[in-house]
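Following the hints, put chains B, C and D in place on chain A, whose structure we already have.
Residue numbers (my numbering), protein chains in the order written: chain A, 1 to 436; chain B, 1 to 436; chain C, 1 to 436; chain D, 1 to 436.
Just so you know, these hints were derived from the structure itself, not from any lab. One should not assume that every hint holds.
[Unchecked claim] The calculated label-pair distances, taken between Cβ atoms and stated as ranges, are:
| no. | chain 1 | residue 1 | chain 2 | residue 2 | range |
| --- | --- | --- | --- | --- | --- |
| 1 | D | Asp349 | A | Pro69 | 24 to 30 Å |
| 2 | B | Asp137 | A | Pro69 | 51 to 57 Å |
| 3 | C | Gly375 | B | Glu405 | 40 to 46 Å |
| 4 | C | Gly375 | A | Glu309 | 39 to 45 Å |
| 5 | C | Glu334 | D | Glu79 | 58 to 64 Å |
| 6 | B | Gly375 | A | Thr128 | 50 to 56 Å |
| 7 | A | Glu309 | D | His174 | 53 to 59 Å |
| 8 | C | Lys365 | B | Glu109 | 52 to 58 Å |
| 9 | D | Lys365 | C | Glu334 | 50 to 56 Å |
| 10 | A | Gln12 | B | Asp71 | 57 to 63 Å |
| 11 | D | Glu79 | C | Ser83 | 53 to 59 Å |
Heads up, the beta-carbon is just placed ideally off N, CA and C, and yes, glycines get one too.
Number of protein chains: 4
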Amino acid sequence: MNVYQTIIDAAQAVTPEMVSVRRDFHKYAETGWLEMRTASIIARKLKDLGYEVLIGEDVCERDARMGVPSDEVLKAAYERAVSQGADPEFVKATEGGFTGVIGILRCGEGPTVGMRFDIDALGVNESTDEDHLPARDGYASVNAGSMHACGHDGHAASGLGVAAVLMQIKEHLHGTVKLIFQPGEEGLRGAKSIVEKGHLDDVDYLFGAHTTGEAADGGDVTPGSYGSLASYKYDVTFRGLAAHAGGSPHLGKNALLAAAAAVTNLYAIPRHGAGASRINVGRLIAGSGRNVIADEAFMEMEVRGDTTEINEYVSDYAKRVLESAAAMHDCTVEIKLMGAAQSLNSDEDFCEHIAAVCTEKLGMKVTEKLAIKLGGSEDVSYMLNRVQSHGGKGAFVRVRSKMTESAHKRKFDFDESYLTKVVKVFCGMTYDLMKK
Amino acid sequence: MNVYQTIIDAAQAVTPEMVSVRRDFHKYAETGWLEMRTASIIARKLKDLGYEVLIGEDVCERDARMGVPSDEVLKAAYERAVSQGADPEFVKATEGGFTGVIGILRCGEGPTVGMRFDIDALGVNESTDEDHLPARDGYASVNAGSMHACGHDGHAASGLGVAAVLMQIKEHLHGTVKLIFQPGEEGLRGAKSIVEKGHLDDVDYLFGAHTTGEAADGGDVTPGSYGSLASYKYDVTFRGLAAHAGGSPHLGKNALLAAAAAVTNLYAIPRHGAGASRINVGRLIAGSGRNVIADEAFMEMEVRGDTTEINEYVSDYAKRVLESAAAMHDCTVEIKLMGAAQSLNSDEDFCEHIAAVCTEKLGMKVTEKLAIKLGGSEDVSYMLNRVQSHGGKGAFVRVRSKMTESAHKRKFDFDESYLTKVVKVFCGMTYDLMKK
Amino acid sequence: MNVYQTIIDAAQAVTPEMVSVRRDFHKYAETGWLEMRTASIIARKLKDLGYEVLIGEDVCERDARMGVPSDEVLKAAYERAVSQGADPEFVKATEGGFTGVIGILRCGEGPTVGMRFDIDALGVNESTDEDHLPARDGYASVNAGSMHACGHDGHAASGLGVAAVLMQIKEHLHGTVKLIFQPGEEGLRGAKSIVEKGHLDDVDYLFGAHTTGEAADGGDVTPGSYGSLASYKYDVTFRGLAAHAGGSPHLGKNALLAAAAAVTNLYAIPRHGAGASRINVGRLIAGSGRNVIADEAFMEMEVRGDTTEINEYVSDYAKRVLESAAAMHDCTVEIKLMGAAQSLNSDEDFCEHIAAVCTEKLGMKVTEKLAIKLGGSEDVSYMLNRVQSHGGKGAFVRVRSKMTESAHKRKFDFDESYLTKVVKVFCGMTYDLMKK
Amino acid sequence: MNVYQTIIDAAQAVTPEMVSVRRDFHKYAETGWLEMRTASIIARKLKDLGYEVLIGEDVCERDARMGVPSDEVLKAAYERAVSQGADPEFVKATEGGFTGVIGILRCGEGPTVGMRFDIDALGVNESTDEDHLPARDGYASVNAGSMHACGHDGHAASGLGVAAVLMQIKEHLHGTVKLIFQPGEEGLRGAKSIVEKGHLDDVDYLFGAHTTGEAADGGDVTPGSYGSLASYKYDVTFRGLAAHAGGSPHLGKNALLAAAAAVTNLYAIPRHGAGASRINVGRLIAGSGRNVIADEAFMEMEVRGDTTEINEYVSDYAKRVLESAAAMHDCTVEIKLMGAAQSLNSDEDFCEHIAAVCTEKLGMKVTEKLAIKLGGSEDVSYMLNRVQSHGGKGAFVRVRSKMTESAHKRKFDFDESYLTKVVKVFCGMTYDLMKK
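The following block holds chain A by itself, in its conformation from the complex (with noise of 0.2 Å):
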């Protein structure tokens, strides 16, 4: 019997059901440890499925978590996901912002292989276009200010088909699988909340995937990924005193020149020799009034290097800069972890594995190049080099179609082609990597 075969038979038959869970996702749209509703469903399809399910605080370090939002607003969204159809069991786990699930597949002895599917929205407001899919169709996001213009609703829908596959070839594995439905990606915020739960400690391989736009030579699949910059993000407050700027300003503790003074010397952090770093203030919100000293400045930045020392380097620096520029100003800062990723490299063998199977057993074009660069950052790096720092291996693959516009835009959307190409690439070589 070829098990191949009958997973490419496979991931064409579950495709309309992937569809239709992807365009429900899309139309719920849920921001960063808000995916209530949208973990709900999972949870309930997994266990419906006969997996295993883990959720809740039993999947995310609580106080690992990055850049949660404030209680208010997760008290809000979880009104909200009960009123737009949560799933009544497992959406009561998730109150507070603990919206990561894991599905676990358990065949006997034998190696470990995980996937991270991430789940978030981004506060993107969709266009309704006429000219834009989901408007056009009725599935454009319900959620004012919520948007999967990402992506992310397709890979929590591939991964819900890839759990329904493998199910179906359950007794020619040997071994664990483990499904990783991941909250928070956006803003590096969720990865290393799983990481620190120690679910990735018993992980011999690792699969994560991205859609990516088509490629040049027509390949479905580019294996792996690097060169992601590590980064970090934070969210800084400087705190000072207001006065009146015309009769006593010398009794003012003035936030918004510290605040400069912090942003001139942050851009003026010196290069790293051994390669690329960035920092960027990206938002600046300071002052009352034009005539009172202003006695709080808001800050949204971040660092990033090529090598997590890089970006070590850059943030320590960046720490100090923050520091000495409210001292310098006699005010006092507040310097907030919300978000953080860690640089990122596929196993090169590994790569080479995946391109094999998908040539010879899947009948996959896989492109020339086995790796490509990724500009920005991503947490799936925190649970790759968890992997890899025990001898694991892993690949962040880059799935190709077509996609109407770049991500993160109002219009962005992609061919759902894409959910069956990611069924067969992960369930191929889990296939490979766990038969008897």
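Quick look at chains B, C and D alone, frame taken from chain A:
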């Protein structure tokens, strides 16, 4: 016949009406350039009293108005004014933010005596606590975000009281009376547009008055003020170009960085050897997202100087800093004048004259010091300087009454005996200057 | 017997000797803490006149001296002083930079009258042009880079004239006379060390004087000065770590960058609402080569304030800026106090007293204004404030005479009639205060 | 006949003469544009060997020379050269800083092979310690502040060795040989002036070489270099206006403040997304005295980039920062180009060619890696890029020999076997390219 005694009695008699008007203005508080209801009622009452009335573009030079709100805001304010009982005849002229009113009383040959009453509210939310009199007695502002927290409701009402009393003693006067009701004093936005229209060019004597807390020596009146700082208020917008902070920082034009460079260097403008200077950037809002090079930065700032010359020095230097900071980071900058005041000095001999009239004719107590320093800035300076520039005299009078709290606070209130006092001083002096 | 007349005559008689001494001091100009020849000759002459003489560490508190040159410079100056005719007995005590001298005349019970004469030259190269009198007449400075361009040669000589005349009228006095010859006034380095030694603690009346150009009204004397700015002078050294700017910029600790951050933020120290403040970084020297991260940066800076409080405010803020700028870029900073002055105010009634004595007893003309503003800073303020702090009185007198050029210029010279005038005022007042 | 063997033997034979020349050049070290003695002797020797010789303005384009010392320094250097034994015939042409020399050997039709030898010393004081060979053996630099601490004495000497050997095998060559002796490589000042004169326009193959320490694998030669950073070196002078910092700070134009604003913002130039960039202000000298607003500030700075494009980006941005910082504080700025290099890449196939010749024909050992990264900047890049721009090939060769210390240090020295190796590689390759 003792006309001074007539004035004293009339001031007392007109007080209940002034109190009623003041509370009405207080309830329907309107901020700068939006005083459409207020202005229309003032015009109505002046006309009913027999004054020649100017309103709308006849009062304020269109392009000399500073800090005028957007068309949208103006339109909404107009509709609100109409719905809150604006005078149907006069409100039309105020459309688009022409909310100055002048009442003229011509009594043949003789000197021209001008008086200025400012009529705008502040952008403050009034307290609703029971211990705040306007709240308890039902005349707290019904317009959210607008409150007479600086006493201009009283200034406006006192102007109508003065109008009523002067009309009663009209036959004893020769010359011309000009009662100037000025919009937009807060932010120093309105006076200049009236001066530019030429209304101060023939004024020989000018008064203005401001509510001021009780004097230590129990005086009712301090005839003069001096030493207010000349000032300019600017809104500044830097514009650059957005780019991804991780992938292509070099493609951005960083408006936030330009603003930060500007801020530090603005505060670093060298002190002036001849007197005090001030600079403040009170608000700064920049950028759209953490990982995007900020393409816009907005600042509210101001400069001040002991003298008009020092103010000009700081202003010129500040503009150079703003333009250079923009150029430095390849951005553009727009600098918009939002308000202005000159330095202000009451004429010493005129203050003595007021003191003499108050003490000897009106039975009022004058404080020991005939003039006190004005900490902030006042745009009556534009009027006073124009009058002084052609040989006229003037004073900015401080009329004392109990205040509950310092100005600009949410529970600010003043003792309405203020109204009676102003009528006595202004009418007494007008008579003294214009008596046949 | 009219002692005032005796003083007038004696002042005239002692003038040729003062001129001669002044020209000798002028020729052998010595800058701050190097006045070894000058001090030794002053001590010699005081002793020969019959004064009790203090010199060396008995006058200046070692650690309270500021801006003392290096041991090498001190050593060379000592050798030069010896070779240029220093008094062999007294010069020894000046070794190492102890160049203050005090002459004491005890006349039994009574008030203590102190007088301060500053004796140091400036770091200026004297003009050799024929139209410069000292050059033409052969007493221009022979010490390159040292010139009496501020009249302290005259101040020193006048102190010896005062000493001679007071000794003549000794029998008419009761109390104690203290003639204080102070080193290092330039840079505000010397006064504090004498105050710290306690020499002003028992002084009831204090005079100082300074050469000042002719008055518009032809007056000889302006009894008082006020309003000099309190000041601190600092030498600042940032230390970091060198690294190759191309290969490993991240390994450097950039002292030049730290200094630049400090400079901008120093100038940005908020104005003080209560009066004038000043800040200046006058020199900055940093780095060793174009392609090396600078490991050292040296700055000469100063702060000033209308009052001692304002000066302290600016100084404290400046230190915070310096330390924070260093910390920001991982450098260290050393801040060395090089000079200091307090704000200075002559006692009004004492000025009136001086005016009366000058006019009524000494036949001198006093200027209409009894006190004039001092633009810069003067460390006689330390002495005056100490005297005033225990209830004493004092004045910093401006004695008028023609000047060729403003002070600190290469052709500065003053009319030596100054010397006679000082003797008259100081001895006249001393007699008036100490007469039996 | 085996010409390669002839070359090997001749290289050996010419070594003692090269050692002698190298030590002579070492003893009379001359820095950039002052290599008058050195150049005249090179010209003499080339002519004596039979080469056509170009020198003076025939070699270097006058206005394309960068960082030329002042006339005063040039004049003194000329006099020194003459007094230290410069060749009387050729030295004349070097007057004013025209110290390039080209030797041409024409062998009929065929390719043109160029070789570049840099000849200038560094501004370093040579060690006089006994353990420093040149000091012990009496050929340490006699010119204070000038030392061959980068091996260019060897480069120059090896060029003369190459000249001698090529002349011996002349009959076996067809085409043209150009031996280019370049002044002012340190500071990247000289190459461009030779390129601008057109001397590289007809060159088909270009070599340069540099002394490099022993390879880990014992190789004699690394055929290529790559990745040197493109760079510009600037001297920057800000000019403002002095004023008294206490009395009239507003009258100054603060050049030190302008420079500080420039420094911070220079370091804050955004990173380039496409590769490494560098910026450094290595020296800053500003101001004349503590209490004077600084009227001048001088900076030595440089920018670099992975590619010529990135370097241009940083340079353009830097100029904008400098000009804007000057304008901001009402100063002027002068920016003077003092040196420049482009990015450099040896041709891969040409490196393989060199490797083959060295290994197979010359019996030399080539390092495993055929090209190594150049950390800094090299202005041979100008020549190489010109040659490559018209289809020529080239390589910057690293010839290995023991070094006592890293370059630019006071005890730098290299094993003179270097000389022999260069002659072998250069002559071997020339023969291979030009053989009939």
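A quick look at each hint next to the structure:
1. Between D:Asp349 and A:Pro69 the beta carbons are some 59 Å apart, a value that contradicts the proposed interval 24 to 30 Å.
2. Between B:Asp137 and A:Pro69 the Cβ separation comes to about 43 Å, which falls outside the hinted range of 51 to 57 Å.
3. A hinted range of 40 to 46 Å for the beta carbons of C:Gly375 and B:Glu405 is consistent with their spacing of about 43 Å.
4. The supplied range of 39 to 45 Å is broken by C:Gly375 and A:Glu309, whose beta-carbon atoms lie about 56 Å from each other.
5. Between C:Glu334 and D:Glu79 the CB atoms are about 44 Å apart, so this pair departs from the stated range of 58 to 64 Å.
6. Roughly 53 Å separates the CB atoms of B:Gly375 and A:Thr128, a value that falls within the hinted 50 to 56 Å.
7. Distance hint check for A:Glu309 and D:His174: the Cβ-Cβ separation is about 55 Å, which falls inside the suggested range of 53 to 59 Å.
8. The hinted range of 52 to 58 Å is satisfied by C:Lys365 and B:Glu109, whose Cβ atoms lie roughly 54 Å apart.
9. Look at D:Lys365 against C:Glu334: about 53 Å separates their beta carbons, and that is inside 50 to 56 Å.
10. One distance hint, 57 to 63 Å for the beta-carbon pair A:Gln12 and B:Asp71, holds here, with the actual separation near 59 Å.
11. At roughly 37 Å, the beta carbons of D:Glu79 and C:Ser83 sit outside the given window of 53 to 59 Å.
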